[in-house]
Amino acid sequence: MESPVEIVQHTTGGMIGASWLMIAFPLLGAAILLVLGRMTNRWGHLLGVAMSLASFVVAVLAFLELIGLPAEQRRQAVHLYEFIPGMVDMGLLVDPLSISFCLLITGVGSLIHIYSIGYMSHDPDRRRFFSYLNLFVSAMLLLVLADNYVGLFIGWEGVGLASYLLIGFWYFKPSAAVAAKKAFVVNRVGDLGLLVGMFVIITTFHTLTFSDLGKAIAANPPSGGAVTAIGLLLLLGACGKSAQLPLQSWLLDAMEGPTPVSALIHAATMVTAGVYLVVRSGAFFFPEGSPQALAVAIVGAATLLAGAIIGTAKDDIKKGLAGSTMSQIGYMMLGAAFGPVGYTFAIGHLITHGFFKADLFLGAGSVMHGMNDEVDMRKYGGLRKAMPITFATFFIGYLAIIGFPMLSGYFTKDGIIETAIEHNQVLGWLAVLGAGVTGFYMSRMVFMTFFGQKRWADDAHPHESPLVMTVPLMVLSLGALVLGAYLVLSNRLYEFLTPAVGAAEEAPHFAFTSVPGLATLALVAIGAAFAWYKYGRAEVPSVQPRGSFLTTFARRDLYGDALNESLFMRPGQWLTRIAVYFDNRGVDGLVNGLAAGIGGSSGRLRRLQTGFARTYALSILFGAALLAGALLLVGNI
Amino acid sequence: MGETITFWVLAVVSVGAALGMVFNRRAVYSALMLGTVMLCLAVLYAVQDAPFLAAVQIIVYTGAVMMLFLFVLMLVGVDSSDSLVETLRGQRFWAAIAGLGFAVLIILAVGNAVFAKEAGLAGALGQAGYIRSLALLLFTKYVFAFEVTSALLITAALGAMVLAHRERLAPKQTQKDLARARFQGEHPSPLPGPGTYARSNAIDMPALLPDGTVAEKSVNRYIARYDVEQGHLPEDPKLADAIKHRAAIESSDEEPA
Amino acid sequence: MSPWLPILMAVPVLGAIVVALLPKGSDKLAKQVTLVVSLVVLALTIVMATQFRTGGPRFQFQAAYDWIPSFGVKFGVGVDGIALVLIALSAVLVPIVVLASWHDADGTQSADGTLITPKRSVKTYFSLLLVLEAMMIGVFAATDVFLFYVFFEAMLIPMYFMIGSYGGAQRSYAAVKFLLYSLFGGLLMLVAVIALYVVAGKGTFMYPELIGVIKDPATQKWLFGGFFIAFAIKAPLWPVHTWLPDAAAQAPAGAAVLLVGVLDKVGTFGMLRFCLELFPDAAKAFTTPIVVLAVISIIYGAIVAIGQTDMKRLIAYTSISHFGFIVMGVFAMSQVAQSGAALYMVNHGFSTGALFLAAGFLIARRGSPYIADYGGVQKVAPLLAGFFLIAGLAGLSLPGLSSFVSEFMVMIGTYSSTAFGAGALTVAAVISAVAVILAAVYILWMVQRTLHGPTAEPVKAFKDLNAREIVVLAPLVALIIGFGFFPKPLLDVINPAVTQTLVNVQVDNPAIAEKGAGQ
Amino acid sequence: MTTHYLILSGLLFAIGAMGVLIRRNAIVVFMCVELMLNACNLAFVTFARQNGNLEGQIIAFFVMVVAAAEVVVGLAIIVTIFRTRRSASVDDANLLKY
Amino acid sequence: MNNAVAPTIEYGTLAPMLLVFGAAVIGVLVEAFAPHYVRKAIHVPLTLLSLAGAFALVIVQIVQGAVPTAPVAMGAVAVDGPALFIWGVILVLSFVCVLLINDEGHFVASAAAVPGSADEEEAEAAGVTHTEVYPLALFAVGGMLLFPASHDLLTMFVGLEVMSLPLYLLCGLARRRRLLSQEASMKYFLLGAFSSAFFLYGTAMIYGYAGTVSFTGINESLATGSLLDPLLLIGFALLGVGLLFKIGAAPFQAWKPDVYQGAPTPVTALMASGTLVAAVGALLRVFWVALGNLDWNWRPVIWAVAALTMLVGAIVAITQTDIKRMLAYSSIAHAGFLLIGVLATFDKAQENAKSLSAILFYLLVYSITTVGAFAVVTMVRDPGGEAGHLSRWAGLGKRSPLLAGVFAFFLLAFAGIPLTSGFFGKYAVFAAALSSGAERGDSLGGWMTGLVVLGVVASAVAAFFYVRVIVLMFFSEPAADGPSIAVPSMGTVAVIAVSLLVTVGVGLFPQPMLDLANQAASSLFVR
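Residue numbers (numbering that gives the first Met the number 0), protein chains in the order written: chain A, 0 to 636; chain U, 0 to 256; chain C, 0 to 518; chain D, 0 to 97; chain X, 0 to 526.
Hints are not guaranteed to be accurate.
Straight line, CA to CA, 20 Å or less: simulated SDA-like cross-link-like pairs of lysine to any residue [said to hold, decoys possible]:
| id | chain 1 | residue 1 | chain 2 | residue 2 |
| --- | --- | --- | --- | --- |
| 1 | C | K23 | X | E123 |
| 2 | X | K397 | C | L21 |
| 3 | D | K96 | A | V542 |
| 4 | U | K116 | D | H3 |
| 5 | U | K116 | D | R85 |
| 6 | U | K171 | X | P382 |
| 7 | U | K116 | D | T1 |
| 8 | X | K397 | C | G24 |
| 9 | C | K118 | X | R398 |
| 10 | X | K39 | X | Q63 |
| 11 | C | K118 | X | P477 |
| 12 | A | K172 | C | L21 |
| 13 | C | K220 | X | R398 |
Hints were generated in silico from the structure; no laboratory data involved.
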């Protein structure tokens with residue numbers, strides 16, 4: 000494997016030099032909206048959209064400037080200021096990898112902002128929603144743009160905060176409040192990995208800056224143990240943020256947030272930060288074939304299957320999509336385990352997924368918007384006539400995700416599968432299997448929602464959403480339609496990314512007729528057909544059937560929460576109780592006991608003062624005898 | 000040799016008397032025992048070339064101090080005697096332990112000290128002679144202490160005055176004053192005795208005044224209370240009421256003038 | 000001889016006298032005078048701080064007057080970077096606390112009219128506050144060990160009265176516990192102070208002259224122990240921490256801020272300055288056990304905090320956890336960790352201050368410190384909720400807020416320390432990192448139960464923050480965010496002092512990062 | 000002989016001390032104290048002869064004077080108490096305790 | 000034959016003491032001849048002027064710098080630097096205590112009258128008081144001056160009695176709660192006599208050993224003779240009993256709480272301050288001058304006594320419910336702290352000046368604070384007299400913040416909180432002890448350090464009960480029928496003000512007082 004291009008140009012000028020504006024605009028928006036508060040109620044959402052769009056413009060300009068440069072100069076560092084003197088400087092790294100993310104974040108982000116104007120129009124707190132969204136965009140951009148792990152970590156936690164705030168946006172719902180807290184806490188478990196990873200990195204390499212890291216490794220190749228440790232720790236961080244096994248449990252609960260949030264944060268951008276982390280650190284800490292790379296692959300494969308299985312059993316449309324997100328990120332992780340080619344497909348899938356999953360979520364949001372916020376698919380049915388645009392865009396997204404030939408997902412997912420099989424047969428074929436399951440659960444979703452008989456309640460009057468919501472849907476579905484082909488065919492993405500992630504020994508080439516590809520298609524078709532058999536052809540019961548053991552297993556999210564509960568929460572609660580008890584009775588009790596002991600001895604000694612002069616005389620005589628005896632003794636020694 | 004015999008005799012006597020003082024129930028006997036000890040000691044002083052002290056011991060100590068003790072004993076009640084029951088738990092036991100221990104320590108210390116032959120006072124007396132030498136010492140070297148002792152004596156006198164002497168605050172009442180007070184008071188004549196003009200002359204039966212009313216004060220209030228408590232009330236309701244009233248006054252502890 | 004520090008101490012003392020001598024019934028005037036005096040002190044501090052030369056000698060604004068020549072005691076003051084930032088912290092917090100406690104002594108009533116605290120003497124409260132400010136400045140400024148000790152102990156008294164007279168239901172228990180604990184530690188330290196003077200035989204308590212004087216390792220250990228126990232109680236380190244939850248929970252919010260925000264820092268400040276520099280060999284010998292205690296504090300404090308039902312107690316326990324970090328940083332003996340620890344002292348003052356004050360505002364509205372009595376505050380008082388949340392996030396060291404920088408530095412400095420016992424330090428850093436998770440649990444669980452969820456019935460009557468309360472919290476939040484992104488001004492001041500400390504401790508711990516990474 | 004005298008003095012002193020502990024009548028207690036003082040005097044006189052100087056005798060003389068003054072004050076106090084309480088027992092005066 | 004040389008008495012040097020005694024005698028004459036309605040008018044100025052005059056005479060001696068280097072009055076009295084310092088302190092203390100005594104309502108109208116009898120009522124109604132207290136107090140003060148300055152054991156014994164006898168009497172003269180007062184008087188008297196018998200027996204033994212009772216002579220005979228003579232050891236132990244009894248060291252402390260509680264508060268103040276100062280002075284003289292060569296022998300024993308005293312005083316005080324009893328136990332604890340200073344001797348006598356100065360300083364600051372505290376106690380009254388029970392003090396801070404504040408300040412000084420005089424006192428003593436320990440080397444150094452640590456622990460325990468009173472006064476709600484605050488007389492105000500001033504002043508600027516103590520100690524005791 001070849002290291003990524005090490006030469007980093009420092010720049011202060013141009014749009015790249017001003018790339019900090021990308022972060023600053025939405026941050027400013029968030030600050031204005033939060034500080035001015037209710038004063039901005041009337042125009043707050045517009046400001047939010049404007050700031051997001053401004054960022055997008057900067058991103059596009061910076062992107063154009065970057066591709067205008069020769070390939071070997073496409074790693075541009077922007078020094079901002081000294082952060083922790085002697086340890087970390089705050090700076091940005093504008094390279095193909097980060098700029099791709101920027102485009103995705105600001106682009107899809109802006110669309111979702113626009114969509115939210117409509118979606119949140121009835122919410123009295125819309126202004127607050129936009130401030131949080133802006134905050135998120137800002138933090139996410141910091142995450143991908145930072146040229147060092149500390150900056151990345153600040154962004155990393157920033158998006159976590161935004162996610163927390165947005166999941167708990169409807170804080171008065173206890174379920175939302177709990178889900179928000181859970182998301183944050185589980186993420187913190189991952190953060191622990193990232194944090195400790197940073198300790199090891201700085202101790203081993205004396206720097207946390209990406210560009211210096213390359214030099215340090217080159218100058219002083221580290222021992223395998225340290226790198227493995229770093230890799231595994233970073234993987235833990237990635238698992239938290241990207242909802243990979245074993246830290247997946249928060250993502251399904253996170254659907255308590257408003258749907259645009261699910262689309263933006265919990266599908267398109269934030270949850271892919273783990274993938275970004277692995278790819279960004281890949282060259283340093285995840286060399287191909289290393290144990291930690293294998294761990295990444297295993298986590299990815301396991302999650303892609305788990306997510307898919309969860310997806311098959313959910314009747315809540317958003318939770319179904321959340322399971323799907325887990326699964327798709329699993330694919331990306333799997334891809335990210337296999338060097339530059341894998342990176343390319345992982346990032347490619349990340350981008351296309353950003354589009355089609357956002358499309359799907361927003362579509363689901365549109366459906367809910369028309370259905371009085373009903374999320375149970377068993378209460379849907381036959382909606383394709385009531386909301387044609389939503390149906391059309393959703394259907395495109397659906398085709399993209401199951402890998403219908405020539406749509407985005409087809410290219411990127413297939414690329415991952417083939418790369419995986421090339422490196423690791425077992426995991427690769429598992430990914431194929433996962434694709435089949437994807438075919439099933441996505442088809443099930445489409446059939447249950449848009450086909451069949453209507454099963455909705457009498458007071459529901461499904462209707463198409465306003466343009467402000469459907470236009471973003473259309474834009475996104477357009478992306479879902481063509482982006483994969485654009486990026487993958489003729490290796491555009493690969494070559495674009497090479498300066499950032501390194502070049503493979505052999506450039507990838509997409510084969511339309513490979514065995515795995517065909518097998519995947521076949522399995523997807525079977526899955527879809529089975530879904531049609533169960534949900535398209537047959538009547539869908541509006542009450543959930545009991546289902547087999549396996550179904551229950553899937554419905555309960557593979558018992559992830561139960562496991563957490565029995566492994567961590569209950570022991571934790573007991574530990575807390577014991578600790579509190581120990582503190583009150585043990586530590587404090589010891590001190591109070593000592594005080595009580597002194598008080599008690601005082602009470603007893605006090606009784607010696609009987610009030611009888613003769614007793615006092617006795618003590619004097621005793622004292623005299625003791626004194627005399629002691630002196631005689633001391634004197635005669 | 001003579002000294003030895005004297006010593007042993009007096010030692011036995013004085014220790015015996017000392018123990019007698021401690022263990023005798025009667026304070027007066029204790030005082031007498033103490034006097035005995037003092038007299039023995041006086042003799043022992045004399046034996047040890049301290050005739051002046053022997054005299055002072057008898058005159059001041061046995062003569063004055065012990066008399067003072069006896070006076071006070073008379074004041075306090077000469078026939079009072081201590082109960083021999085010890086009320087403080089363990090006091091005697093521990094007193095014995097401490098006392099014995101202390102004695103043993105002193106005896107050990109003294110016994111272990113190696114004394115040379117007594118120097119005797121001959122050298123110290125020199126040409127001046129005994130009394131003169133004493134005086135010389137007293138009025139030169141210890142003159143300051145001697146003077147200060149006067150403060151002690153003044154204090155003692157002052158203290159006795161403060162605690163025992165009561166200054167008369169008003170002129171002493173003369174016979175005349177008393178008579179005047181009596182005739183100006185409510186009862187120039189004596190109060191009627193109980194039983195007077197009553198059908199019975201028992202002391203718990205109130206007197207009747209010449210106008211036939213009951214004289215409540217003629218019955219002792221303690222007797223009245225006893226009668227009420229025991230139910231020995233006269234049949235005459237008037238008398239019974241008077242006794243009850245008297246008892247009630249008593250129990251509320253207010254003696255009307 | 001620079002008059003800055005004596006003036007800085009004299010101003011609040013004079014203010015206190017003026018406030019105490021105001022005629023009866025001039026409560027309002029007393030408050031205004033106190034506020035003005037504290038602002039004057041703040042202004043003076045800022046002016047002084049601008050004159051501090053970062054490249055200059057370690058101790059600046061030095062002044063020394065003979066105080067008790069018989070004992071060799073001087074009124075010696077001077078500041079290095081660490082002391083400077085802590086004095087600045089005190090100067091910033093006092094006006095805020097004055098504003099925050101504006102009505103604390105007036106007798107407060109909860110929303111439903113029940114009496115929370117009865118009316119008490121306003122003048123006394125504010126003059127005590129000013130006296131306390133003078134002593135806080137003095138304790139950080141003292142360069143004479145004896146003078147330091149005097150302030151260290153004397154500080155207890157105003158705080159004792161503030162807790163005991165103006166606190167909650169259990170105030171006298173808490174006040175006595177606070178006083179006795181601290182006094183006990185202080186007295187042990189007194190023995191060590193005397194012994195230091197005697198053993199050193201220099202005839203002076205001036206701290207720069209005492210560095211490196213005590214050579215005998217056994218003596219060093221004993222003296223170190225005397226100082227350390229006092230500081231550990233003050234800090235408070237597990238297992239001598241139990242006074243803090245009581246004291247902080249019973250103290251009025253303003254006093255709690257000063258108690259946890261500044262007073263307790265004297266403990267960690269003392270460790271850094273006195274324990275390390277005067278007794279370097281002992282400090283090195285005891286590193287491992289102390290770091291173990293620190294780690295226990297970190298984890299234990301966090302776990303016990305999770306289980307608290309009383310908001311102020313919870314915050315107190317979080318502080319115990321945070322103090323664990325500071326102590327760990329101090330004893331990690333590396334530049335980064337110690338700088339981080341010094342920075343942590345400041346940042347913790349801001350974040351815990353904000354948290355206590357916000358919690359105090361909540362409690363003032365409801366009259367109960369119990370978390371279970373709240374719920375859905377965000378609905379009725381969004382501003383208060385917002386501030387509370389930000390303060391809470393600072394408490395869990397969210398990156399981007401000031402406490403993150405210091406916590407990060409401490410952990411990284413500890414992990415990478417190449418000082419003796421480095422293995423233990425590495426493990427300690429990793430274990431302490433678990434607190435990152437626990438912090439999220441305790442803060443967010445409290446936030447969830449107080450701010451979120453359905454609005455509880457008594458909470459519905461809450462008013463949102465008034466202007467005074469906003470003025471109290473806003474500067475703190477601004478500082479928290481500002482130093483979260485730009486800690487350099489503080490670190491530039493702190494770093495030289497830490498470097499000098501390490502030189503005096505004779506630890507050769509190379510910087511862990513190449514300067515100017517990314518240049 | 001000196002030793003004998005001293006042992007006698009020590010015994011008397013100890014007996015006096017024990018008497019103070021055992022007797023309840025304040026006057027007797029005080030007598031026991033007097034006994035102790037007498038024992039001291041015996042020691043002084045003995046030592047005076049032993050050491051060959053008169054100081055011991057002088058001191059013994061002083062002790063007598065002091066003892067006389069003490070007796071006056073002491074007995075006055077005891078009488079006062081007796082008048083108040085009608086009891087000269089030292090045990091009865093124990094309102095002040097603990 | 001007639002070779003008697005007239006004794007020389009240095010009247011100039013002894014003038015302060017003689018003035019006090021002289022005034023006392025005049026006082027007695029006043030008692031004898033003046034009608035009782037003018038007695039007080041004569042006594043008060045006479046007593047105060049004589050004390051002030053004596054103080055002035057002490058100052059004159061110090062200013063003249065003619066501190067004698069040899070004992071005066073035929074070797075009976077040593078008026079050296081420390082003695083002059085102690086005299087000055089005692090005279091100041093007795094002056095302020097007389098101001099307290101002067102206050103109405105402390106002393107019984109007629110001591111001879113049975114409590115509660117008609118006689119007593121009559122006497123009270125007639126408004127007579129025992130003006131004998133003034134000469135008695137003067138005699139006691141005279142004894143206090145003599146006790147620490149005496150240079151032989153006989154003079155010391157006489158001084159002890161001169162000091163004690165008037166105090167025995169004064170204890171029994173309280174106007175309220177007379178039963179308690181009389182009981183205190185009797186207990187004090189019996190135990191005092193008992194302990195002085197021990198002192199005397201000790202004197203006899205020492206005399207037997209040394210052939211003299213002069214301190215110089217004893218010290219010389221120690222230097223030449225065998226140190227192991229059991230007579231010396233036992234004599235020394237018994238002397239110790241008498242002296243330790245007077246300062247109230249455990250296990251000889253039992254009288255203190257009872258007597259302090261029962262005695263009239265001004266007398267308690269005098270005992271707690273003046274007697275303690277005098278007794279410590281005497282203790283130092285015996286231990287450092289007479290037995291200076293024996294100090295490796297007595298140190299372990301005094302070590303144990305000091306430790307026991309501090310602990311007993313501090314611990315038992317915790318559960319006291321009467322303010323005066325509590326202060327008595329506090330005084331016991333402080334006696335323990337002082338003993339730490341007594342232990343702090345050095346190999347070279349010259350260095351002892353350090354410890355001596357510390358002890359003198361401690362005595363000064365502690366005793367003045369004590370007087371102030373008792374002065375406050377006299378002001379808090381119930382209908383039946385002073386409000387002794389602590390529960391009656393609850394909420395005093397609300398009713399009378401100034402008085403409670405002052406008292407709290409005194410308590411903090413007792414506790415040794417910095418910026419009060421008590422802190423520097425404690426500091427000085429601890430510092431002396433540690434430096435003596437350091438000089439004495441390993442084992443002893445360790446023991447001294449241990450003692451100081453023990454002292455520190457005792458201080459912490461002691462702080463608890465001081466703080467408890469503060470808690471009661473300031474943090475508790477006042478009782479509905481709380482005690483009244485007496486309108487103080489000018490005298491009481493002056494006493495409290497002086498004590499407060501000294502406590503604050505020395506707390507902030509101890510140097511002048513330290514200079515005084517240093518100067519006094521620099522000449523050490525006359526040997």
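Original post:
Within 20 Å, alpha carbon to alpha carbon, are K118(C) and P477(X)?
Top reply: holds, 14 Å
Original post:
CA of K397(X) to CA of L21(C), is that 20 Å or under?
Top reply: Since the Cα atoms of K397(X) and L21(C) sit roughly 18 Å apart, the hinted pair holds (cutoff 20 Å).
**OP:** Mind checking the alpha carbons of K397(X) and G24(C) for me, to see if they're no more than 20 Å apart?
**Re:** Answer holds: K397(X) to G24(C) is near 15 Å, not above 20 Å.
Original post:
Within a Cα-Cα threshold of 20 Å, do K39(X) and Q63(X) meet the stated pairing?
Top reply: violated, 35 Å
Original post:
Are K96(D) and V542(A) close enough, with their CA atoms no more than 20 Å apart?
Top reply: Not OK: K96(D) and V542(A) at ~84 Å, beyond 20 Å, violated.
Original post:
Given the hint that K118(C) pairs with R398(X), does the C-alpha gap stay at or below 20 Å?
Top reply: Distance of about 14 Å is within 20 Å: holds.
Subject >> K116(U) paired with H3(D) [C-alpha distance capped at 20 Å] >> reply: Since the Cα atoms of K116(U) and H3(D) sit roughly 13 Å apart, the hinted pair holds (cutoff 20 Å).
Original post:
Taken at face value, is the distance from the CA of R398(X) to the CA of K220(C) at most 20 Å?
Top reply: violated, 50 Å
Original post:
Taken at face value, is the distance from the CA of E123(X) to the CA of K23(C) at most 20 Å?
Top reply: violated, 41 Å
Original post:
Is K172(A) close enough to L21(C), meaning Cα to Cα at most 20 Å?
Top reply: Distance ~53 Å between K172(A) and L21(C) Cα, so the pair is violated.
Subject >> Pair hint K116(U) and R85(D), alpha-carbon separation not exceeding 20 Å >> reply: Judged against 20 Å, a Cα distance of about 54 Å means the pair is violated.
Original post:
Taken at face value, is the distance from the CA of P382(X) to the CA of K171(U) at most 20 Å?
Top reply: violated, 33 Å
Violated hints, in rising order: 1, 3, 5, 6, 10, 12 and 13; the structure is consistent with all others.
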